[in-house]
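*Asks:* So you can see what is in the structure, the chains are spelled out below.
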Amino acid sequence: DAGITQSPRYKITETGRQVTLMCHQTWSHSYMFWYRQDLGHGLRLIYYSAAADITDKGEVPDGYVVSRSKTENFPLTLESATRSQTSVYFCATQGSVGNTIYFGEGSWLTVV
Amino acid sequence: AQSVTQPDIHITVSEGASLELRCNYSYGATPYLFWYVQSPGQGLQLLLKYFSGDTLVQGIKGFEAEFKRSQSSFNLRKPSVHWSDAAEYFCAVGAGEGGADGLTFGKGTHLIIQP
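Residue numbers (my numbering), protein chains in the order written: chain E, 1 to 112; chain P, 1 to 115.
Chain E on its own, in the form it takes in the complex (with noise of 0.2 Å):
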């Protein structure tokens, strides 16, 4: 059961590439999500989905985007990757409403 599996696991780019951080799952749960973590920040949500092709900004949207052309897939694109997005990146998933919601292993990202 590999439920939920983000790549890269680790990744180093530059500042103004383009990055895209791929989450992918295997239960067909309605809902996914992107966080990402900052030491002193805690987890604070990105984006996030209820359904293919529904997708809703978070608390920190600025610099993303995001797509759910399929229900399995979420993937995160950077598309002028600045410093400021140097992170740990989270993907979560939650089945329906009021049921567990599960987070991946996270992908880290750096941008130099």
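Be a bit skeptical, because a hint or two may be false.
Stated by the list, open to error - Calculated lysine to aspartate or glutamate pairs in the EDC-like style (CA-CA distance at most 20 Å, straight line):
| id | chain 1 | residue 1 | chain 2 | residue 2 |
| --- | --- | --- | --- | --- |
| 1 | P | Lys107 | E | Glu72 |
| 2 | P | Lys107 | E | Asp38 |
| 3 | P | Lys68 | P | Asp85 |
| 4 | P | Lys107 | E | Asp56 |
| 5 | E | Lys57 | P | Asp101 |
| 6 | E | Lys70 | E | Asp56 |
| 7 | P | Lys61 | P | Glu88 |
Hints were generated in silico from the structure; no laboratory data involved.
Once you have looked at the hints, place chain P on chain E.
*Replies:* Here is chain P on its own, set in the frame of chain E:
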């Protein structure tokens, strides 16, 4: 907008001693409350959640939490900690029903276990 405050950045407890991690929330409606634990380099694991009903919630690994509406608190407790409990603990409040619009997390409490 909702918010979560975890007043203690670090807590040190001796192995075998009791533990209480504090969490205060701000939310306009009925809160959906969660406690997660994160080990170094890992994702988050749900310890317990409160949606409604009994205000004392039992979770995994021997943890429990008590919802107190009058104090806007959801403190996490464990009667006797083990060295394996050393980790980062996050309290969160859910937006939307059951957290379907995402979670707002506190900044976390780092738990250190002394032998």
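*Asks:* Each hint needs a verdict: does it hold in this structure or not?
*Replies:* Going down the list of hints, with the structure as the test:
1. P:Lys107 / E:Glu72: 29 Å, violated
2. P:Lys107 / E:Asp38: 9 Å, holds
3. P:Lys68 / P:Asp85: 24 Å, violated
4. P:Lys107 / E:Asp56: 23 Å, violated
5. E:Lys57 / P:Asp101: Cα-Cα ~10 Å, so holds.
6. E:Lys70 / E:Asp56: 16 Å, holds
7. P:Lys61 / P:Glu88: 15 Å, holds
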